[in-house]
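S.K.: Each chain, letter by letter, is given below.
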Amino acid sequence: MILVWIIGLLLCGGILCWLTDTWKAGYAKWIALASVVADGLIISALLVHFVTGTGPQAVSPYPAPQVTTPSAEPHAASPHAATPWLIDYRNTWIPSFGISLRLSMDGLSLILLSLTIFLGLLAVLSSWKEISERTGFFYFNLLWTLAGIAGVFLATDLFLFYFFWEVMLVPMYLLILIWGDSNRRYAAYKFFLFTQAGGLLMLLAILALYFIHGRQSGTYTFDYFAILQSTLSPTAARWIMLGFLAAFAVKLPVVPLHNWLPDAHSEAPTAGSIVLAGLLLKTGAYGIIRFVLPFFPQASTAIAPWAMLAGVISIVYGALLAFAQTDLKRLIAYTSVSHMGFVLLGIFAMQETAMQGVVIQLIAHGISTGALFAIAGMIKERLHTRELARMGGLQTSMPAMGNLAMVFAMASLGLPLFGNFIAEFLILLGAFPQYATLVVIASTALVFSALYCLRMMMRVFFGPAAPPTITPPTASAQQDIDSREWIILGLLCVGIVLLGLYPQPVMDLAKETIQQLTLNFRI
Amino acid sequence: MNELAYIPALPLLGFLVLALGGRRMSQKAVAITGAGSVCAAALLTMVLCGQFFGSGAVGAAAGHASPASVHYDLQLGQWFHAGALSISFGLRVDSLSLVFMFIITFVGALIHLYSTAFMRGDRDYARFFACMNLFVCAMLILVMADNLVLLYLGWEGVGLCSYLLIGFWYDSPANCLAANKAFIITRIGDTALLIGLFLLFKELATLDIAAILRQSPGHFRLGSPVITLIALLFLAGGMGKSAQLPLQTWLPDAMAGPSPVSALIHAATMVTAGVYLIARMHVLFQLSPLAMTVTAITGALTLLVAACSAMVQTDIKRILAYSTISQIGYMFLALGVGAYGAAIFHFFTHAFFKALLFLAAGAVIESLHHEHNIFRMGGLKDKLPVVYWTFLAGAASLAALPLVSAGFYSKEQILWYAWRAANGGTALWLAALAGAVITAFYSTRLLLVVFWGEAKTSVSSRPGRLITIPLIILAFLSLTAGFVEWPHNLLPVHLFSGFLQSVLPAPATRSGGETIGQLLAVMATLAGIGVGYQLYHRQPEIGIITRWQQRPLAAAIRNFLFGGWGFDRLYDTLFVRPLVSITRLNRADIFDQLYVAVVRAARTGHRLLSASQNGSLRWYAVGVLMGILFILTLLL
Amino acid sequence: MAVVNIDRVLFVAAVLFLLGLTGVLTRKNILFMLISIEIMLNAAGLAFVAAGSKWHQPDGQAMFLFILAMAAAEVSVGLALVMQIWHQHKTMDVEDLNKLKDE
Amino acid sequence: MNELQFQALLPFIVLAAASILVILSIAFGRSHTFIQVAGFGMMCLVVLAMWLVRDALPREIAPLLVVDGLGALFTGLIIFSVLVIGLLSFIYFEEREENPKEYYILLFLATLGSAVLTISRHFISLFIGLELLSVSLYALIAYLRTRNNAVEAGMKYLMLAALSSAFLLFGMALIYLETGSMEFTGIARGLPSSGTPILFIMGMGFLLVAIGFKLALAPFHLWAADVYQGAPSPVTVFIATVSKTGVFAVLLRFAQAVHLQQYPAAMTIVVVISVASMIVGNLLALQQQNIKRLLAYSSIAHFGYLLVAFLPGDAAGAEAGFFYLLAYSITLLSAFGVITLLSTRQEDAGDLSGYRGLFWRDPVMGAVLAVALLSLAGIPLTAGFLGKFLVLGAGIGRQLWVPVIVLVLTSVIGLYFYLRVISTLFEKMPPAPARARPLHPFFYYATYAVLILLMGLSFWLGTFPRPAIREIEALLNIRLL
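Protein chains in written order, with numbering that gives the first Met the number 0: chain Y, 0 to 522; chain C, 0 to 635; chain B, 0 to 102; chain U, 0 to 480.
In case anyone wonders, no lab produced these hints; they're calculated from the structure. Wrong hints could be hidden among the right ones.
[What the hints assert, rightly or not] Below, a list of computed lysine to any residue pairs in the SDA-like style, where the Cα atoms sit at most 20 Å apart:
1. Lys427(U) x Asn182(Y)
2. Lys379(Y) x Leu227(Y)
3. Lys27(C) x Leu465(C)
4. Lys100(B) x Ser611(C)
5. Lys27(B) x Lys27(C)
6. Lys53(B) x Met201(U)
7. Lys98(B) x Lys427(U)
8. Lys427(U) x Asp180(Y)
My request is simple: use the sequences and hints to build the entire structure.
M.R.: Here it is in structure tokens:
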């Protein structure tokens with residue numbers, strides 16, 4: 000039930016924002032903040048309970064009469080072994096199609112959920128001043144996007160999953176379309192069309208799965224745990240998996256399906272960029288971990304080398320493009336492509352260490368890239384530009400921001416002390432034994448990431464200040480970050496360092512899930 | 000043994016204080032925090048040394064103690080563990096680490112004191128000390144780590160600090176570029192090291208240093224490809240950090256940083272991290288003769304190449320930079336021939352005299368309002384007496400002036416091992432010898448040109464006491480530090496090697512020829528000094544140089560050496576330009592075209608179909624008919 | 000009554016139908032188009048009658064009556080529109096009716 | 000005709016009576032408002048009648064009609080649509096300074112025709128219903144003789160519709176000739192057990208042509224855009240929803256009766272038609288600037304989707320099909336409602352530029368239109384999504400991969416132009432043109448309310464379709480075996 004609350008709070012909060020704004024401007028942001036904070040409290044309570052507290056009391060969400068099919072499908076094995084599921088909520092929705100309103104939470108979802116709320120909070124804060132017009136509707140969209148994302152992380156009914164998957168798109172689309180930058184329309188279209196194309200293919204796959212399972216077991220249902228029990232013919236498995244992968248690969252994104260990302264990220268308002276980079280990309284990874292691997296063990300082992308190859312390509316290609324960009328936000332956007340490549344690499348290594356790395360990477364990337372986007376937004380508020388050519392020497396006028404930016408730049412180039420290093424280290428280490436060559440190629444990204452991060456720092460904060468003819472010095476252009484921005488960046492900074500120094504709690508939370516998963520792939 | 004933790008913790012604390020509150024603190028407060036933290040760390044280290052000696056490590060020196068190495072362990076707690084991997088914040092201090100810790104904290108403390116005066120009035124006083132403290136902390140972690148991941152943390156940390164400090168005066172693009180260059184080139188080495196880590200973990204399933212050293216002899220065949228690969232990857236890591244061929248190009252540019260930085264990071268400590276790594280992992284290298292040879296050759300080549308470049312430089316700091324590269328070359332040579340102790344010993348002495356030289360150079364530069372070109376200096380002998388005498392000591396030590404200078408003892412040892420050690424050889428020895436000559440030569444040149452002759456630039460300011468005291472201390476040490484270890488045919492004093500032997504095995508040597516070797520070494524030094532004196536002091540003969548300058552060939556050679564053997568240009572054409580141009584070309588992301596094509600196709604389809612909606616009723620009727628015919632054809 | 004050969008009648012109907020169709024497609028004058036459509040409808044009616052007689056059922060004829068009625072209604076509306084067109088455009092040419100189309 | 004059958008027919012009789020009532024009240028010179036209200040009342044009566052006779056179902060009124068669940072369902076949808084359309088019509092026509100009264104006669108006649116279609120089980124009733132529908136539509140389309148080329152539109156529709164009905168008749172004649180029966184069931188019986196005679200196939204083809212024309216499926220779609228654009232907005236939405244609903248109902252019934260799915264040839268035709276419609280419709284709409292034309296093209300595509308649900312010919316298919324139609328009707332009604340409200344006296348609000356920043360100018364209408372478009376695009380939370388979902392399900396259940404894949408791909412194309420319109424709605428607001436205050440505030444706001452209601456309905460169907468689906472299933476099961 001509490002899971003429903005988490006999502007419901009956001010939805011209601013959003014509607015409230017919209018309504019109040021129509022008659023009393025200025026309340027919206029507070030309501031938004033309140034609802035996010037409330038969610039934050041719930042989540043932190045959960046975190047405290049499950050991390051420090053008595054630890055996961057596993058609820059077994061598997062259908063009572065266990066059908067352990069003696070089949071080649073390994074995941075039909077040990078569902079009774081300590082299940083990773085912490086909370087399970089179900090309610091009927093459209094019984095005639097076996098669609099139920101089912102939300103379940105395991106360590107992984109909990110982690111990503113907390114990330115969602117954390118970044119959501121910062122997104123609200125970071126648009127505090129930036130959004131001056133139609134605030135109500137803005138926060139409505141923002142909160143609904145968050146709700147959709149939270150739903151995606153919790154849904155364990157395929158239909159419901161798809162439902163949330165789509166729900167998070169439209170508000171995001173509007174965020175980009177209405178509050179975006181100069182080229183927003185194009186970016187918004189691109190974002191929506193890419194993701195929707197992928198999503199529809201996934202819908203096909205889901206339906207196919209639904210019917211196959213129905214034919215086998217006689218009960219037509221979209222329930223995740225029920226479908227987990229069904230066995231697929233290899234060909235069917237391959238095609239259906241491709242359907243799922245299409246959606247997730249677009250979201251992740253994997254080269255060459257990544258083209259929506261730079262435009263969307265760079266045109267979106269700051270909050271939008273934070274949510275996009277920090278959360279939306281994660282849904283893709285989450286989808287692969289939650290659905291693709293458990294549903295199609297054989298098929299995914301078969302495709303693993305190619306997937307990892309794609310991951311490596313994304314890593315290198317994204318890094319190279321990031322190096323070439325002249326637009327700050329585009330640069331950061333391409334770094335995401337590179338970083339998410341690591342995620343793909345790690346997932347399909349199908350190996351515990353790498354998988355742990357993936358989980359860390361999801362959070363670390365969310366924080367570091369989110370922070371970079373926040374900084375880019377602050378710079379844009381001051382200089383009214385995203386062009387690297389029109390920046391420079393900002394360290395003089397705003398040292399604090401410069402130093403913080405340095406922290407996050409270092410984080411995203413994978414320096415130890417920061418979460419990203421742990422993530423990349425674990426991923427590479429885990430993948431190395433089987434796929435040495437790929438890992439070696441991927442490791443070159445460490446150099447490339449240094450290239451683009453240092454270039455960014457140099458162009459933005461170091462060197463001589465841009466001549467006033469290019470960027471007219473305004474009063475705002477001089478002032479360093481204020482207390483609100485301090486809070487935002489400070490929180491992120493603490494987060495990323497904590498993750499780098501003490502990642503263990505996160506890893507322990509995800510452990511159960513991951514072991515359950517990698518159980519199927521023991522070589 | 001909890002003091003261990005405080006040693007790196009104190010500088011860290013200093014860093015945190017300065018980083019968070021630095022901009023609101025007075026310069027005095029900043030200086031006290033910055034320097035104080037490191038001094039405290041230094042004191043702690045001394046205490047630690049004392050305890051260490053007390054705990055019978057010296058007994059080991061006499062040779063009758065058990066070879067089981069004396070060491071202190073401290074577990075600060077779990078870092079992370081996943082699957083088979085388990086990493087902890089564990090410190091492990093044995094004699095090797097202790098030597099490094101001593102240098103880091105002690106020399107570091109002196110340099111911090113120096114900087115408090117040197118950097119006074121700088122806009123970013125606090126930032127400077129923050130970075131310096133962070134550096135000391137990271138370096139300490141690097142040498143104290145008990146597992147490779149923690150070591151890597153320190154390894155990258157020092158890289159970061161070096162980057163920050165090279166680009167400390169960020170408003171000139173040149174400095175930023177130098178900083179980036181330093182970071183990226185070392186990063187290449189780091190990546191190699193990381194891959195080495197992966198490989199090692201794949202083989203041994205642990206990254207704990209002690210465990211690795213224990214298990215690898217049993218696990219790897221002697222000279223098996225795997226171990227060779229691992230050793231070479233580690234070597235590559237060392238090359239990056241220690242500016243060895245072919246990754247040496249960043250160090251000369253790194254002189255863009257303030258002089259104390261050059262002294263601490265780019266002379267005394269960070270650049271020797273590679274030496275530490277290899278010494279620490281010597282077991283792996285022992286297992287792979289090939290790797291050893293490569294190391295030795297790298298060292299030999301580097302020391303020659305760098306020394307030659309140092310001969311012709313005109314920027315005082317660049318001269319010192321090249322000499323640093325070349326001296327580290329000596330250490331690599333020693334490592335390569337298995338004389339780990341000798342390498343560490345040379346590191347020990349080198350830290351003193353090279354730090355001294357840099358600091359002195361800094362003092363000179365300051366007092367000549369930022370003049371770097373040695374040929375516009377001169378005649379400072381009487382204007383800056385303290386600086387002169389200390390510099391003299393440093394230069395003598397660098398040139399390895401026999402008996403009276405620390406450099407002599409360490410270098411002589413290396414020369415001898417290069418010749419006589421099991422996997423040493425005449426070629427290596429000759430290379431080292433030639434290096435010695437050149438070193439002596441350019442040290443003389445440096446000294447004479449800067450301090451003798453007539454003044455060319457007026458002295459603006461005299462260095463204060465905070466600057467001179469560290470100089471004097473270092474000068475003293477760079478003369479006397481060598482006495483802890485004598486060539487065994489002169490005096491049976493082997494404190495240093497005895498101290499280390501518990502960790503680092505002494506190399507097998509072919510006995511004989513000590514005296515010859517020493518004589519030759521001495522002669523080499525004296526020859527170098529003599530030539531330098533001839534060319535740069537005896538006024539009439541100064542013409543020789545100028546006459547050479549006229550000769551095109553000589554000029555060409557000189558420029559070639561001056562440009563650091565054209566490595567920069569090579570890399571520029573091989574890697575940098577292609578990379579940049581390719582990425583520029585693809586800035587618009589080629590894959591976009593794919594989707595543009597799709598869109599274009601759809602638009603075309605729209606246009607074609609839209610043409611059919613031409614509003615003519617008869618055309619529509621025809622359309623219907625067409626449809627019918629189509630259907631009928633389908634049916635029949 | 001004399002038994003008529005169904006196929007022939009059907010053939011006639013088909014011919015009529017095609018004639019009407021060609022009329023619709025070839026004539027430009029709205030009136031003539033309407034007339035051709037009438038012909039087509041009647042062809043269909045004829046076919047119905049034939050079919051009805053084949054099965055000896057009244058349905059065919061019944062259907063024919065309906066067709067007549069419907070044709071009448073249709074033509075009446077059609078003619079009304081024709082008048083409107085004449086008022087507005089002063090023409091009977093369908094090709095002039097092309098205000099509505101894609102740009 | 001016993002009185003049970005009479006009962007069963009009651010709603011339709013009331014419906015017929017409605018038009019007569021209108022005629023009378025015109026004769027007695029009642030006002031537009033009166034007629035409006037009366038018509039509204041009559042429609043409510045029809046609904047009431049349906050509620051009363053729900054137990055009398057299913058009834059067969061041999062040989063022409065059969066009143067069963069399917070008929071009731073579709074008739075219900077038709078009546079519902081007409082209720083809304085009637086409301087829309089009032090302000091539309093009242094403000095057009097035409098003489099609007101006769102309009103209602105035609106409207107109700109057309110409705111009757113369409114309703115008859117839904118219950119017809121015989122060629123004659125089919126024919127009567129269809130012609131009743133078409134002939135009144137000719138007049139309806141051209142009703143506003145002098146405004147935006149209504150007459151041209153009417154003429155085009157008349158010609159082509161007549162052409163198609165000629166084909167329809169000829170096809171019927173051929174089938175009759177072969178099978179000796181004009182009842183759907185009889186046709187199935189009359190067929191020779193082995194092999195299907197050529198004439199029958201041809202007749203089937205002609206039949207499909209006529210149906211395809213009415214549903215504006217490619218390649219018989221050419222008329223749609225022009226007629227949609229030329230016709231008065233309420234009539235346009237009538238064509239889009241009511242007439243098509245009736246035709247689809249009869250298609251469904253006919254197919255079920257003769258087991259159309261058994262003829263691979265026929266099925267290939269349907270597949271080809273549906274695929275063609277999806278592609279053609281979406282591509283045509285891609286850069287269309289006139290929203291009425293755009294909706295026309297999108298309707299082409301949507302009926303292409305609908306055929307995918309028709310293909311399996313099983314219960315799931317019918318269910319999906321009806322739900323889709325329901326969602327589609329609701330959506331179109333709200334969309335055209337907005338168009339109607341925005342139309343000026345001179346011309347309908349066709350051009351997209353008129354919608355710039357609508358969301359900020361008039362949030363309610365903006366929201367309604369946006370939601371309608373999202374529903375057309377099949378985005379969750381809206382009825383359209385569930386419709387599309389069910390259709391896909393029906394298709395995949397029978398492994399109809401080709402049309403299903405095409406559906407997915409084309410609906411991505413479709414998404415583009417829906418987004419285009421939506422982004423227009425959200426554009427920065429230009430100086431808003433001063434809108435004349437409504438002449439008839441009551442009806443104006445009533446319309447508003449209805450629009451909001453429709454939006455809510457769309458959300459409701461999209462999120463909690465459970466009751467609706469239960470009802471649909473229940474009704475579809477009420478049938479004669």
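S.K.: None of the hints should be skipped; say for each whether it holds.
M.R.: Evaluation of the provided hints:
Proposed proximity of lysine 427(U) and asparagine 182(Y) is supported: the alpha carbons are some 14 Å apart, at most 20 Å. Note on lysine 379(Y) and leucine 227(Y): the hinted pairing is violated, with a Cα-Cα distance of about 48 Å set against a maximum of 20 Å. Proximity of lysine 27(C) to leucine 465(C) is assessed by CA-CA distance (about 13 Å); at most 20 Å being required, the pair is judged to hold. With a CA separation close to 9 Å, the supplied pair lysine 100(B) and serine 611(C) stays within the 20 Å bound.
For the proposed pair lysine 27(B) and lysine 27(C), the alpha carbon gap of about 102 Å is over 20 Å, so the pair is violated. Of the supplied pair hints, the one linking lysine 53(B) and methionine 201(U) holds, its CA atoms being roughly 18 Å apart against a limit of 20 Å. With a CA separation close to 32 Å, the supplied pair lysine 98(B) and lysine 427(U) exceeds the 20 Å bound. Of the pairs offered as hints, the one joining lysine 427(U) and aspartate 180(Y) holds, with about 13 Å between alpha carbons and a cut-off of 20 Å not exceeded.
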